[in-house]
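Spelled out from the first residue to the last, the chains are:
2 protein chains.
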Amino acid sequence: MNPVNLDGKLIAQVIKNEIKSLIENKFSDEVKPGLVAILVNDNPASRIYLNSKTKSCAEVGIYSKIIELPVSTSESELIDLIKQLNENDKFHGILVQQPLPPHINTNRINEIISPEKDVDGFNPINMGKLLIGDECFVPCTPAGILELISRYGIAVDGKHCVIIGRSNIVGKPLAALLIQKSKRANATVTICHSGTKNVENFTRSADILVTAMGFPMFLKENMVKENSVVIDVGINRIEDRTSAKGYKIVGDVDFENVSKKVSYITPVPGGVGPMTIAMLLKNTVEAAMKISGIKNV
Amino acid sequence: MNPVNLDGKLIAQVIKNEIKSLIENKFSDEVKPGLVAILVNDNPASRIYLNSKTKSCAEVGIYSKIIELPVSTSESELIDLIKQLNENDKFHGILVQQPLPPHINTNRINEIISPEKDVDGFNPINMGKLLIGDECFVPCTPAGILELISRYGIAVDGKHCVIIGRSNIVGKPLAALLIQKSKRANATVTICHSGTKNVENFTRSADILVTAMGFPMFLKENMVKENSVVIDVGINRIEDRTSAKGYKIVGDVDFENVSKKVSYITPVPGGVGPMTIAMLLKNTVEAAMKISGIKNV
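Heads up: the protein sequence lines correspond to chains A and B, in order. With the working numbering applied, the first sequence corresponds to residues 896 to 1192, in that order. With the working numbering applied, the second sequence corresponds to residues 896 to 1192, in that order.
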C-alpha cells in the first residue's frame, strides 16, 4: 500500500491563503507587516532561498526587503545594522540568513536581534522560552513540521518521536517543542546525532521519525518501523546525469524504498521546505500584530 | 555484587573544599562572593532547604543572606526587589526559592533576574544558551548530576540516557546539557514524562537512567537494564512509624531492589541533593569572578 504523501507545498499554500486574508482584514496599506532579510555571503543557494522567501512575502501582502552585504562585513558592522533595524518601524521581522561567514559569531548575532522581531526564533531568549514552554517565536522548520503533521490529523501526543540531528535550527528546538505538556505535543522524544551508537535501534522504535542530518538517502527501509510517520528535513544535492542541471535534490531518506513501508512520508522537495517558509510568514504577521497592538479575535 | 554508591555528600564536600581554596586565593575580605536568596512562602521545607544553602555558603566563604517575604507579597513588589538586587554590588548571585505562591508568575520572575547573577540558570536567556550550547549558568541539579558521574569516571559520550521528568529545573535542562556535542556530554537522550506510554520500554534500554518525578519508589528492578547507572533526583516523604519523626525520605527508585541489578546508583538522601548545593556555590563564585573581573588561571 502506498503511504500518504505529506504535501508541504499544498498545506503551505493553504496557510498562505489564510495569512493573506488575515493581512487584508487586519492591516491597512499604510501599516503592512514588514520583513527584512540580511544576506552576508555570496552563496547562490542562500540567495535563491532568500528570494523564495521574499516572493512568498509578496504573495500574501508582506512588505519585504533583502539587504545584501559583502562577505568582508565585520561582526560589529552587522551588529550596528541589526540595531538600526530593531528600531525601524517598517520591519516587524528581522532574519539573518545562515550560514554566516566564519569571522562572524552566529550566536552573538542572534542575541542582537530584538526578541520581538526575532521571527526565526534563534535569539536565546526565544529558545529558552521554547524549552520552558513559555510563549515565544518558534523556529520555522520545527513549527512547520508540527503544523504539517497536525493538518493531516496525525496526533503527536503519547507517540515516540525520534529526531536525528541536533542543530540549533532544527533538532534541538524541535525536541523542545515536542516534549511540552500540551495537546499538540506531549511526545516522548529521543534525540540522536553523530555521537549515537546503533542509530537503527532508535529509528526502528519511532512512531514519528524526523531526519535532519544532511546525509543523502541515509535512512533505509530496514531502519523504520512499519506504518510509522517519516519527516525528511534533509535537502541534499546529488549528481544526476539525466538532469539538465547535472544534479537533483534528495532528502536524508531513501524515499523510494522507505515509502513502501510507512504510513506517511514527506517528499523532498515539496515537504518540509515550503512549510518552513509558511511559518516565517506566520511569525512575521504575528510580530507585526503584536508590535502594532492588533488583536487576532 | 553490590553497585557503587555515587556518594554525592562526599563529592560535594570535595568540591566545597576546592571552592573554599579558590575563594581564599582569588578574593579578599573586602570583595567576597555574595549570594542572596529570596523566600516568598511559609513552607518549612523551603526554609530548611534555604538554610542548608546558606550554611554551605558560610563553609566556603560566600557571604549570604536570606530575604523572607510574606506570602501576600505581590508580583510587582518581588520584581522591584529583584531589580534592586540586580544593582546591589554585594550580591553576585540571586536566587528565588521555588515554588512561588500561585499569584506570582514564576517565568516572569526568572526573566527579571539579571542573567549575570542568575546562579540557578532559570532566566530564559541562560536556558536558551544551554540549549544552543553557548556558555551560561547551568541549572544546579543537572550540573550536579553531570559533575557527580564525571567525578566517578562514568563517561556519558555515546551512552543512551533516559530522563523521566520534564520539569524546567531538572528534566528539560538536563536533556539540553546531555545532547551537546562536547566531550562531557554527547549522549543520545530520551525524555519521558507523564504522557509516555510503556515507560519501562524506555527505562530498560537506558545506560544511564535519571528519575525526576517525585513519585516514591516508582522505579522497580524489572524496569532497569543490568549494570546500568541510576540517578535518583526524587525527594519524597513517606510515612515511617519506626522513625521518631514519623516519616522518612525516599527517592523515585526502589533502592533496595534496583541496587542489586545496577552498577552505580545514587542514594537518597546523600546523592544528588548535596551536589545541587555544591553547584550553586560554584555558580555563585563564577558569577562573582566574572562580575569582579577576576580570572581563573
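Treat the hints loosely; a few may be bogus.
Because identical chains cannot be distinguished in the list, a pair is counted as satisfied if it fits within a single copy or across any two copies.
What the hints assert, rightly or not - Here are the simulated lysine-lysine pairs, PhoX-like style, with alpha carbons at most 25 Å apart:
#1 K927 / K1076
#2 K1155 / K1078
#3 K1078 / K1092
#4 K911 / K960
Treat the hints as calculated values from the structure; they're not laboratory data. Please read all numbers here as calculations on a predicted model, not as lab measurements.
The hints, checked one at a time:
| no. | hint | result |
| --- | --- | --- |
| 1 | K927 / K1076 | neither (35 Å within a copy, 42 Å between copies) |
| 2 | K1155 / K1078 | neither (30 Å within a copy, 39 Å between copies) |
| 3 | K1078 / K1092 | between (32 Å within a copy, 15 Å between copies) |
| 4 | K911 / K960 | within (19 Å within a copy, 55 Å between copies) |
In summary, the numbered hints that this structure violates are 1, 2.
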